[in-house]
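As you go down the protein sequences, you meet chains A and B in turn. Numbering-wise, numbering that gives the first Met the number 0 puts 44 at position 45 of the first sequence, and it's gapless, one number per residue. Numbering-wise, numbering that gives the first Met the number 0 puts 18 at position 19 of the second sequence, and it's gapless, one number per residue.
To be clear, the hints were calculated from the coordinates, so they are not data collected in a lab. It should be emphasised that the depicted structure is a prediction, and the values quoted were computed from it without experimental measurement. Glycine residues also receive a C-beta, built at the ideal position from the N, C-alpha and C atoms. There could be a bad hint or two in this list.
Said to hold, decoys possible - These stretches of chain A come out as covered by chain B in the derived footprint (C-beta under 8 Å, 3 or more residues):
no., segment
1, 76-82
2, 166-175
3, 221-228
Claimed, not checked - Chain A is nowhere near these chain B residues, computed Cβ spacing over 12 Å in every case:
no., residue
4, R24
5, E174
6, K190
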Amino acid sequence: MRPLKMAQLNLGEFLRFNFGASFHTSSNRCRSHTSRETKPVLMELNRRRKTIELNNKLKEVNPMDRRSSFLEWNFQAELAALNGRLGENIPAGVLTEVFTTEGHIEAEREKQEELNIDIPLNMKSNTELSVAGENLISKIITNWLRGALPALPEEGVQAVKTYLTSEDILADLGFHIGFKDLILAVEYPPLKSDFAKAFKAFVGALERQDVDRAESFILDLVAVQLVGKDINEIWDIPLPMRMLSKILENQGKGEPEARLIWQLGPKTLLANYTVGIYSDKELIGEYHGETLEIAEDMAARDALRKLFKTDVSKVVLPTKEKFANAAPNPSAQEWTGQNLPNLIMG
Amino acid sequence: MTSMGLLLKRTFINQNAPLNNGAGRFVPQLARLTIKFCKSHGSSQGVRRFIEEDIVQFAKNNPGTVIYLKPRRHRSPVLVAEYLNGEKHHQSLSNYGVNEVSSYVDFYRNQSGVEYSDQQKNTYSDHPSIQGYWNPHTHQEPGVNFLKYPVNKPAILHQPSATEIVRNAFISQQEGNEFSPGEEEKLEARKQTSSS
Chain A
0 MRPLKMAQLN
10 LGEFLRFNFG
20 ASFHTSSNRC
30 RSHTSRETKP
40 VLMELNRRRK
50 TIELNNKLKE
60 VNPMDRRSSF
70 LEWNFQAELA
80 ALNGRLGENI
90 PAGVLTEVFT
100 TEGHIEAERE
110 KQEELNIDIP
120 LNMKSNTELS
130 VAGENLISKI
140 ITNWLRGALP
150 ALPEEGVQAV
160 KTYLTSEDIL
170 ADLGFHIGFK
180 DLILAVEYPP
190 LKSDFAKAFK
200 AFVGALERQD
210 VDRAESFILD
220 LVAVQLVGKD
230 INEIWDIPLP
240 MRMLSKILEN
250 QGKGEPEARL
260 IWQLGPKTLL
270 ANYTVGIYSD
280 KELIGEYHGE
290 TLEIAEDMAA
300 RDALRKLFKT
310 DVSKVVLPTK
320 EKFANAAPNP
330 SAQEWTGQNL
340 PNLIMG
Chain B
0 MTSMGLLLKR
10 TFINQNAPLN
20 NGAGRFVPQL
30 ARLTIKFCKS
40 HGSSQGVRRF
50 IEEDIVQFAK
60 NNPGTVIYLK
70 PRRHRSPVLV
80 AEYLNGEKHH
90 QSLSNYGVNE
100 VSSYVDFYRN
110 QSGVEYSDQQ
120 KNTYSDHPSI
130 QGYWNPHTHQ
140 EPGVNFLKYP
150 VNKPAILHQP
160 SATEIVRNAF
170 ISQQEGNEFS
180 PGEEEKLEAR
190 KQTSSS
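Can you make the complete structure from the sequences, with help from the hints?
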C-alpha cells in the first residue's frame with residue numbers, strides 16, 4: 000500500500016472526481032453521483048491533519064528529518080549517482096564545493112567556536128561557481144533565443160530570457176535533479192535561493208571541465224522549459240496598437256486601420272465583436288472581444304503575433320541546436336522583419 | 000470501493016513527466032532504493048536471492064540510482080523507493096520469489112514518483128485547434144453584413160419537389176419530346192397490353 004500525501008481536500012475539488020460505486024471507467028461518467036458518506040470523511044481527515052500540523056508547529060517539531068541523518072546515507076555514492084543520472088563526470092571534490100552554502104560554512108565555524116577548537120576549515124562556498132554559472136546560462140540562453148526566435152524583437156528575447164533564468168525555474172530544476180538532500184545548508188529542506196544557487200554552481204563546475212557539455216546541459220534542461228509555454232504570456236506587450244503602427248511605418252506600409260468585421264448581440268451582456276486590422280487594405284490581424292476596445296486591442300496583438308511568429312500553435316523550438324554568439328535581434332522600435340532566416344513555418 | 004477510492008485523482012498525461020523531462024535529456028527519476036530484509040527468515044528468501052544474483056547488474060544498469068541494503072533481524076522485507084520529486088513509495092516483499100522481487104524493482108525503476116492518478120485519455124494538447132474553433136462567422140460571406148432583408152434569393156441547393164418532377168414530366172410528354180435510345184423499347188416492354 001503506497002502512502003498517499005494528505006493534500007488539502009475540499010468538497011469542491013472532491014466533486015470534480017467521480018466516486019461511483021464501481022471502478023469501471025467509461026467516457027460518460029456521471030459527475031454528480033458521490034456517496035453521502037464522502038463529505039464527512041473528508042472533513043474528518045482534514046480536521047485531523049490540521050491538528051497534527053498545529054501540534055508540530057507549537058512544539059516546533061519538524062517531522063522531516065534530513066535524509067543525510069539517516070543510517071542509510073552515503074554522500075559519495077549520492078554524488079556518483081548524480082553524475083550517473085545526468086550523464087556527467089564531475090569529480091566529488093568539485094561537487095562538494097557546488098553544494099556548500101555560505102550558511103553551512105558559518106554554522107560550522109560557530110560550532111567550532113562553541114567547542115573551542117580551531118581546525119582550519121577546508122570548505123569553499125559555491126558563490127564563485129554560481130556567478131560563473133549564472134553568466135554562462137545567461138549567455139547561452141540569450142544566444143539560443145535569438146537563434147530559435149529570429150523574428151522576435153529584442154525586448155521579447157530579454158523577457159523570455161528573464162523568465163527562463165528566474166529563480167523559480169532554476170530552483171525547480173535543481174529540486175527535480177536531486178539537490179534536495181545533497182545541498183549542505185542550515186535549513187532543511189533548503190531554501191529556494193539555495194536550490195537556484197546550487198544549480199548555477201553546478202553549471203559553473205561543468206563549464207570548468209568542458210564548455211560544450213555545459214552548453215548541452217543548459218539547452219537540455221533550461222531551454223527546454225519553454226516547450227509548451229506561450230511566449231505571449233511571458234512577454235506582455237503594453238501598447239500593441241502603438242507598436243504595430245511603428246512597425247508598419249518602418250516597413251513602409253500604410254497605417255493600421257481597425258474595422259468591425261462581425262458582431263453578435265451588440266447591446267447585450269454576451270456581445271462579441273470581431274475587429275480586423277487593415278494596412279493598405281490588406282487584412283493583417285483579426286480577433287474578437289467583448290467590447291470594441293478589447294477586440295481592437297486583441298486584433299492588434301494578433302497582427303503582432305503574425306509578424307513576430309509567436310503564434311502558439313506554430314512555434315517550433317530547435318532544442319538540440321547550438322547557436323553561436325549573434326548580434327541582438329532588432330528592437331521593436333526598429334523592427335522591419337527583413338533578412339529573417341528561412342523559418343520552418345515560413 | 001477500494002481504500003484508494005476516496006483519494007483517487009484524475010489527471011491528464013501532461014502531468015506525468017516533471018519539468019518536460021525527456022524533451023531535452025531524460026533524467027531517470029528513481030533516486031534511491033532501500034531494501035530492508037532479514038538474513039535468516041524465510042519471507043526474505045526471494046529478496047536474499049535477488050541480492051545474491053541480480054542486484055549488481057541492476058546497479059550497473061542504473062548509475063543514477065543509489066541502492067542501500069539494510070539487513071535487519073526479525074523484520075519482514077520491504078522496498079522503499081525514493082524519487083526525485085521527494086515522494087517515497089514502499090512495497091512489502093514478504094514471501095515474494097526472486098522473479099517477483101525483480102519485477103517489482105523494475106516497476107519502481109520505471110515510475111516517476113508522481114502519485115497514482117486515473118488517466119482516461121492517452122492524448123493531450125494545449126492547442127487542440129490549429130485553424131481556429133468554429134464560430135458562427137467561420138464560413139459566412141462578408142457581404143452578408145450589407146444585406147437588407149427581406150431578400151428575394153432562391154435557395155442555393157434547389158432540389159425539385161415531387162410536384163415539380165411530375166409536372167415537368169407531364170409537360171415534356173405533352174410536347175412530344177423524343178425518348179433517349181433504348182428507352183422507347185423499355186417502355187414498350189413495360190406497357191401492359193392485352194397482347195403481351
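**OP:** Tell me, in ascending order, the numbers of any earlier hints that this structure violates.
**Re:** Structure breaks hint 4 only.
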